[in-house]
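Those protein sequences? They're chains A and B, same order as listed. Reminder that position 33 of the first sequence reads as 37 in this note's numbering, one-by-one numbering, no gaps. Reminder that position 187 of the second sequence reads as 249 in this note's numbering, one-by-one numbering, no gaps.
Hint data in this document are derived by calculation from the structure and do not stem from the laboratory. Quick reminder that beta carbons are idealized off the backbone N, C-alpha and C, glycines included. Please note that the accuracy of each hint is not assured.
Unchecked claim - Quick look at which bits of chain A chain B covers, simulated, 3 or more residues with Cβ under 8 Å:
1) 54-67
2) 197-209
3) 257-263
Here are the chains, one letter per residue:
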Amino acid sequence: MNRATFVFALLLALALPLSLLAGRVWLDPATTPNAALILGELRLPRAVLAVIVGGGLGAAGAAMQGYLRNPLADPGLFGIAPGAALGAVVALWFGYTASAWLLPLFALIGAGGAMALLAAIAGRTGGIALFTLAGLMVASLAGALTALAISMAPNAFAMSEIVLWLNGALTDRSWREVWLSGPLVALGVLLLWRTGRSLDALTLGEPVARSLGIDTSRLLWLLILGIGLTVGAGVAVAGIIGFVGLIVPHLVRPLTDRRPSQLIVPSALAGALLVLVADSLVRILPLVTELRLGIALSLLGAPFFLWLLLRMRRGLA
Amino acid sequence: MTLDASAISLTNRLSEISCKLKPGEITAICGPNGAGKSSLLQALAGLLHIDAGQVSLDGQPLPQLPDRAKRIGYLAQAPEIAWDVTVRSIVELGRIPHRDTLPGPVDAALEALELTGFEQRRAQALSGGEQARVLLARVLAGQPDWILADEPLAALDLAHQFHLTRYMEGIAARGSGVVVVLHDLAIAMNHADRVLVLDRGQLVEDDVPEKALSAERIEKVWGTKMRWLGEPGARALAPC
């Protein structure tokens with residue numbers, strides 16, 4: 005276990021019980037009426053879901069940055085999150101939300117479609133440039149179709165539902181979403197963890213990695229599947245939550261020896277911690293309605309991104 | 063233990079090139095820009111899918127990965143270290159084909175390139191010359207039979223060029239095959255045992271340096287009149 009894994013595991017272990025108590029009403033298990041019910045049915049599944057979604061996004065971000073050898077890479081760039089969002093928007097557009105399983109199912113189908121498209125375009129050659137361009141194309145296409153769905157929404161209620169859902173939140177989630185996303189994200193993180201040595205080899209560029217025996221096509225497939233499962237399942241249960249995959253590896257990197265393989269597990273833990281803390285904060289903030297988690301993280305992530313760019317510019321200068 | 067190319071071709075890059083490379087020698091691949099030097103090196107390393115012909119190792123077709131990676135070490139043209147990792151981490155990457163990080167070969171490679179004590183230095187804190195040595199140490203750590211290096215001396219100052227050439231001579235003297243793409247014809251003339259000259263994808267010379275890099279050949283291939291000064295082993299190139 006490296007230092008970063010230990011630090012973020014410890015912080016997560018401390019934050020989890022605190023997040024269960026935090027909320028518009030601070031919970032005192034001894035005196036609050038129905039405390040066990042509130043904890044067991046509302047706050048615990050929400051906290052576990054934050055850990056699952058954040059963990060997946062963190063691991064996906066670390067793997068993407070390692071693969072593209074670019075600290076500004078974010079798993080959202082590669083079309084899987086927009087694909088999943090499009091699937092969910094289709095469910096909302098047609099009003100298929102009567103069954104609670106349908107929306108996440110549609111989102112997973114959307115993520116699967118984006119993954120299949122990515123694999124069909126870039127999977128055979130395994131080239132990084134083609135993969136990036138294919139991802140941008142898939143993201144643009146899914147984004148355009150989502151915008152089309154919003155502009156042609158059958159009624160104002162559907163439009164409002166779509167826009168709200170796209171902003172991402174963990175409000176009113178239950179154990180059902182936990183059971184749906186947990187195994188998929190866990191499998192995705194496992195696949196991404198398996199790419200570690202290959203990502204280390206890519207530190208020296210693609211031709212050198214191939215000369216070291218890395219099968220770049222297999223690596224690409226593992227990444228598409230791993231990111232598809234982690235990000236797709238996350239979007240399916242929580243909507244679009246941006247910037248986690250971008251920010252988290254930067255928090256983790258200084259605590260490691262900076263090899264990409266050493267970042268994936270601690271980034272999963274740090275992503276879980278970030279989403280858990282952010283979700284607890286949006287519950288505590290004294291606003292009329294609860295701030296959407298996706299908006300809160302974007303408000304945090306955009307300045308961070310700017311700071312990162314400025315720091316890199318200073319480094320280049 | 064030979065590395066052979068038999069009539070290998072690649073559309074618009076290589077045209078029916080055949081050569082037999084021997085271990086214990088430094089073979090230089092020279093030619094003007096766009097002659098196909100890097101393509102030939104990558105084809106020999108099994109990193110390019112050739113359209114026709116065959117590359118063989120010890121008379122057999124190139125082995126599949128990861129066995130091929132254990133036997134052929136490749137040093138890329140543009141030195142690239144994406145993350146600010148330590149020198150030791152970079153050198154340990156050479157052990158990937160063996161699926162271990164044995165300290166023995168890693169320490170030996172660090173020592174061979176005079177990098178002992180540098181292990182914990184970060185990549186971004188290294189000078190160009192140190193980076194070149196670290197990347198060559200990475201190849202050595204894999205203990206390959208063959209080292210194929212694409213312009214390893216480019217962007218190095220005179221002293222570092224001299225040191226790196228000396229290291230490669232040492233590697234060849236210990237029995238490994240060393241194949242280097244070189245732009246500096248004087249280095250090829252003075253340090254290579256054999257020179258392959260490429261021109262527009264074709265192999266036009268395959269001989270000892272004094273013959274392969276004759277003034278006539280240089281004029282034909284590079285289109286410029288030059289003459290060699292000095293004695294064999296200490297040659298310098300000057301315009302006529």
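Ascending list of hint numbers which this structure does not respect = 1
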